[in-house]
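Since chain Y is already given, all that's left is putting chain F on it; use the hints.
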Amino acid sequence: MQTPHFTVSQFIEILNQTLDYVFPIIELEGEVSNFKTSKGKWGFFDLKDEQGTINCFIPLFSLRVPLEDGMQVVVKGHPKLTDFGRFSFTVQQIMPRGEGSIKKAFDLLKAKLAKEGLFSPEKKRPLPDHLETIGVISSTGAAGYADFCKILNARWGGLHLRVANCGVQGLSAADEMIKALEYFNEQEPVDIIVLIRGGGSKDDLAVFNDELLTRKIAASRIPVLTGIGHEVDESLADLAADLRASTPSNAAEMLTKDKRAEVSRIHDNLQSLAKYLGHYLDTAKDTQKSQLTSVKTLIEARVENAQNELQNTRKLLESLNPENVLRQGYSIVTGNFSPGNVVKITTHQQIINAEVIDVHNR
Amino acid sequence: MSITDKITKLNNQVQWFYSDEFNLDEAEKKYKESVELAKEIEKDLGELKNKIEIINKDFTK
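Quick mapping for you: the protein sequence lines, in order, are chains Y and F. Numbering-wise (this note's numbering), the first sequence opens with residue 1 and increments by one. Numbering-wise (this note's numbering), the second sequence opens with residue 1001 and increments by one.
Only chain F is shown next, with the shape it has when bound in the complex:
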């Protein structure tokens, strides 16, 4: 799963708590999952690098 997908998933999970679908039975499990996902995203963001590739083409010609 890409980092953007993870962030989207986390946003949706957080929104669940404020929605009509919320129920106390699932809340604890979902909250723990959200905290774990947040840790994962933070770790990913720290490690993620951009790939910079110079195109092998002479644009002067």
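The shape of chain Y in the complex, shown without the other chains:
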């Protein structure tokens, strides 16, 4: 058998072709050491475990989480032999692994983005008044998505959900969600975008601390609501979003009214209205009754006054009656009062004709 014979360049090329064929894309987990950057464009570090070390290279635009020596990370990329015969791992994506590293990366990036104003309260927009179309970014196979739909359907109807089925964990999930955000912002406008992911470990949820995803959420023209993990889980995506729900179910509750509560509210309103109308009518009747009583009292008073006036007039007339004067012993004399003439004298009981004998002044 003939021994293979190559030039150095040919051998490096064949080794790289072999590596490409066997390991086109792989993920490696290890601890970062000797991290340094060059010319603001490239990053270099060693990825190591107890027994081995691999040199890694990453273009800085692909570095979407802060990196520090000692952090445990998962990197995605491909192995390569350089023209200088050095083995290197070209990293495309990187994600912190383990609670300590995730917390460290979270704190560093949070401070950086907060300084840029990405989480400013004044940037937050409220829920639109009227929702018709909702853009949902989630994995349609995930429990969180199922919870969201179940609660939403139980509470309200008539909404149109446009669902972008994306990965919601793992190294490629951030890019998928970014594409979905771009899709809704540029091609399929909706009233609100909802980012949904059920509970999981810190590692599962670490994708929601991706810098580009966080920036994309903050820059979205359409308001974004997040419902990621459980109440205690806080991600940079939550901080950048306009609104944060504690869970996917809570996101559904924030978006919709409860139709049972709405029906109950309508019934209560109508009952209150019926009571109000009854009270209104009773009051109106009472008012009318009271007015009639007042009118009656007034009329009675006027009649009584008229009766009193009549009585007084009657008494006055009575006092002026000549018969009453005659009854008191006086008499009325009529006729020609010259001596020799006969005059008529009227008393209470008699009429007397008498002759005038003499007339003289008193």
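No incorrect hints appear here.
Okay, the calculated bits of chain F under chain Y, using three or more residues with CB under 8 Å as the criterion: (1) 1014-1022; (2) 1026-1040; (3) 1049-1057.
Selected chain Y positions facing chain F (Cβ under 10 Å, derived; list incomplete): (4) N153; (5) G158; (6) I266.
FYI, nobody ran anything at the bench for these hints, they're computed from the structure. Idealized CB from N, CA, C, for every residue including glycine.
Quick look at chain F alone, frame taken from chain Y:
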């Protein structure tokens, strides 16, 4: 009319009874209308479903 519009209409009708525009001549007619509208809303809410559409696009690419 959408269900939201119907609910808004009903809320406005109920408010009319408490407003200065209220008058007894129209009250009975308006109350009957409100009760009918409430029944209609309840029926609509029971029947209304959400439309869920999965976007036909591969976001991994």
